[in-house]
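Asker: Okay, here's what each chain looks like letter by letter:
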Amino acid sequence: MGAILELHDLHTRFPIYNAWGRRTGWLRAVDGVSLTVTRGDVLGVVGESGCGKTTIGKTIAGIHAPAAGSIRFEGHDISTLSPRQGRAFRKGLQYCYQDPGASLDPHWRIGRSLSEPLAIHTGLSRTDRHARVREVLAAVGLPEGHLTLYPHEISGGQQRRVGLARILMVQPSLVVLDEPTSGLDVSVQAIVLRLFLDLRERFGLTYLFISHDLAVVRLMSQRIAVMYLGRVVELGVTEQVFVAPRHPYTRSLLAAVPVVGGRRVSTDFALEGEPPDPVNKPTGCAFRTRCERAEARCAAEEPALRTLANGIQAACHFAE
Amino acid sequence: MHPDLLSVQDVSVSFSTEGGTAHVLDAVSLTLRLGEIMGLVGESGCGKTTLARTILGALPPNARVRGAAISFDGRDLLTIDPREAASEIRGRAITFVPQDPFSAFNPLFTVGDQIFELMRWKSPDRRPFEAGYNRARRRSDRDRALTLLRRVQLPDPERLLKKYPHELSGGQRQRLMIAMALLPEPRLVIADEPTTALDVTIQAQILMLLRQLAVERGVSVLLTTHDLGTAWEICDRVTVMYAGQTLETAPIDAFFQAPALPYTRLLLDSLPSGEAPLRGIPGEVPSLVSAPSGCRFHPRCPSASEVCRVSRPPLSEPGPGHWVRCHHGLVG
Numbered sequence: 194m195g196a197i198l199e200l201h202d203l204h205t206r207f208p209i210y211n212a213w214g215r216r217t218g219w220l221r222a223v224d225g226v227s228l229t230v231t232r233g234d235v236l237g238v239v240g241e242s243g244c245g246k247t248t249i250g251k252t253i254a255g256i257h258a259p260a261a262g263s264i265r266f267e268g269h270d271i272s273t274l275s276p277r278q279g280r281a282f283r284k285g286l287q288y289c290y291q292d293p294g295a296s297l298d299p300h301w302r303i304g305r306s307l308s309e310p311l312a313i314h315t316g317l318s319r320t321d322r323h324a325r326v327r328e329v330l331a332a333v334g335l336p337e338g339h340l341t342l343y344p345h346e347i348s349g350g351q352q353r354r355v356g357l358a359r360i361l362m363v364q365p366s367l368v369v370l371d372e373p374t375s376g377l378d379v380s381v382q383a384i385v386l387r388l389f390l391d392l393r394e395r396f397g398l399t400y401l402f403i404s405h406d407l408a409v410v411r412l413m414s415q416r417i418a419v420m421y422l423g424r425v426v427e428l429g430v431t432e433q434v435f436v437a438p439r440h441p442y443t444r445s446l447l448a449a450v451p452v453v454g455g456r457r458v459s460t461d462f463a464l465e466g467e468p469p470d471p472v473n474k475p476t477g478c479a480f481r482t483r484c485e486r487a488e489a490r491c492a493a494e495e496p497a498l499r500t501l502a503n504g505i506q507a508a509c510h511f512a513e
Numbered sequence: 005m006h007p008d009l010l011s012v013q014d015v016s017v018s019f020s021t022e023g024g025t026a027h028v029l030d031a032v033s034l035t036l037r038l039g040e041i042m043g044l045v046g047e048s049g050c051g052k053t054t055l056a057r058t059i060l061g062a063l064p065p066n067a068r069v070r071g072a073a074i075s076f077d078g079r080d081l082l083t084i085d086p087r088e089a090a091s092e093i094r095g096r097a098i099t100f101v102p103q104d105p106f107s108a109f110n111p112l113f114t115v116g117d118q119i120f121e122l123m124r125w126k127s128p129d130r131r132p133f134e135a136g137y138n139r140a141r142r143r144s145d146r147d148r149a150l151t152l153l154r155r156v157q158l159p160d161p162e163r164l165l166k167k168y169p170h171e172l173s174g175g176q177r178q179r180l181m182i183a184m185a186l187l188p189e190p191r192l193v194i195a196d197e198p199t200t201a202l203d204v205t206i207q208a209q210i211l212m213l214l215r216q217l218a219v220e221r222g223v224s225v226l227l228t229t230h231d232l233g234t235a236w237e238i239c240d241r242v243t244v245m246y247a248g249q250t251l252e253t254a255p256i257d258a259f260f261q262a263p264a265l266p267y268t269r270l271l272l273d274s275l276p277s278g279e280a281p282l283r284g285i286p287g288e289v290p291s292l293v294s295a296p297s298g299c300r301f302h303p304r305c306p307s308a309s310e311v312c313r314v315s316r317p318p319l320s321e322p323g324p325g326h327w328v329r330c331h332h333g334l335v336g
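Top to bottom, those sequences are chains A and B. Residue numbers for the first sequence follow our numbering, so the first one is 194 and each next one is one higher. Residue numbers for the second sequence follow our numbering, so the first one is 5 and each next one is one higher.
Derived by calculation from the structure, the hints in this document are not laboratory data. Ideal Cβ positions, reconstructed from N, Cα and C, are used throughout, including at glycine. Errors might be hidden in some of the hints.
[To be verified] Now the stretches of chain A that chain B is said to cover, found in silico as 3 or more residues with beta-carbon under 8 Å:
(1) 202–216
(2) 374–386
(3) 408–415
(4) 462–469
[Said to hold, decoys possible] Calculated pairs, DSBU-like style, for lysine-lysine (alpha carbon to alpha carbon, straight line, at most 35 Å):
(5) Lys166(B) with Lys284(A)
(6) Lys284(A) with Lys251(A)
(7) Lys284(A) with Lys167(B)
(8) Lys474(A) with Lys251(A)
(9) Lys474(A) with Lys166(B)
[As the list claims (entries may be wrong)] A few chain A residues facing chain B, derived, Cβ under 10 Å:
(10) Ser242
(11) Gly350
(12) Leu390
(13) Pro475
(14) Arg483
Construct the entire structure; sequences and hints are all you get.
Answerer: Structure below.
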């Protein structure tokens, strides 16, 4: 199947102002990212906080404007369209917020929140809208009685279901899931993740799955993109990346995840320090300040993402 | 076998709220040995933080505590003179590492100011009821602080003392929090979800540090977490709580390899792993205002029977040091 979303050399940046309101620099949150998402796939995007994974999702969804580069969604370049023109195309591309509890209007009953997208994006009559709301509500596994409740009256797991139901209303083909399980307990997380997989089958969805939880991404995604300071440093089939990561950052990231019943990470974890300030990135490879293998070459030239023998792409001078 | 440092016996805590009385802890028992790291795990709202605060004596005023005893180092914290608790126990013999290193500091004072404010009252050199803070003590406290800041791998401690909290990253603030919790030379550190707000790479660094320091200084740690991976990393024993009850306590290997409690098994099955299909726990955590009778987990438990609804399960010991409260507790 073809590509549903293609990012080419995408840049998103935010101005930095000093105390007197003068612009002193740019925070390059997304710094030249090229990605392809295949229709029907789940692409996981992982990285530490501040690596730009949420900004990518929001740029795709049209919440931030890209500074350069293109976003092709279902064959159309949506990065250069005006918001009004973009809206018609973006109906099929929905963004699921990190915290649905905060993104639902606390004054609105859930039924009203759910039918709002239908009123905006479709010409359905009131009765048709009600029928559709009930249908989707059942699909995400919530009882009909919830339509008359307010967001604060339901649990965190149920709020996620409502957030998802609201997105499914307009029959999207691509859903950007931004940290969809953060803040949930494992018992609820497992149920929500299974729901994502069921809904993907049922509605033919493609997911861009943004998460810092590597175990969850491994379970959910076919392909994975590892980000560090605004750039993709490794990209490939999830299982291959997890079994044999090629970029030293990916190796450290995977080594940091506790595996219950396995080797204890905290006995010999090697990665020191924290990511550098994204406003003043190191020259050359951004990871060199924490990398064991860093040499003079890493400071001089920035490694490009190149395809290795097993099909994985990695941005490291020494990857093979 | 190490002697017990802390022993909580049948302690109940209730809060009077507008909706009725919430029984947040129901006859909870827990022991902590000298020098061990005990993990207190459970889902949100199970009472982990309330138990931690009860031990610390830092509950809000609408809380009502009943129970046999909380004995700590030979003293009963339930009946101790409040002034003694404030000066000798809280922040001194028992210290606290909060969940969120972002809101735990006062943004208007430098790191150094906040360390000296703490040490003025809680320094191990302070004589009982000493009100002043003389230069000699200040100097020795400063040396002690700098040594510890270096030990937790904070760069350039001298300059750090002059910085404000917002100039530090999350990982640095949590290192600083751990250093400050250890400065009064406590016997017990209560760490409430110390790595929840941090990235995995930073989490691994912090957990490693916490474990090393606990071993080095012979400090016991009570670590609350909802993340079983964190518990696996550094704990010696684990206690599981559900809806305000402590249901299982086991040495770390037994806990993960042979859990006796159905709830523990379900929690472990909920972890995303490569092989097994995902299983969650159906249903919701019950309201603590009208908690279920008997075993509080029975409405969601796959092996529940009539007896679970009627009576609270007795304590049984399926293995050495492994205690469980379940009518159907399975061995092995």
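Asker: Report the numbers of all earlier hints that the structure fails to satisfy, in ascending order.
Answerer: 1, 5, 7 and 13
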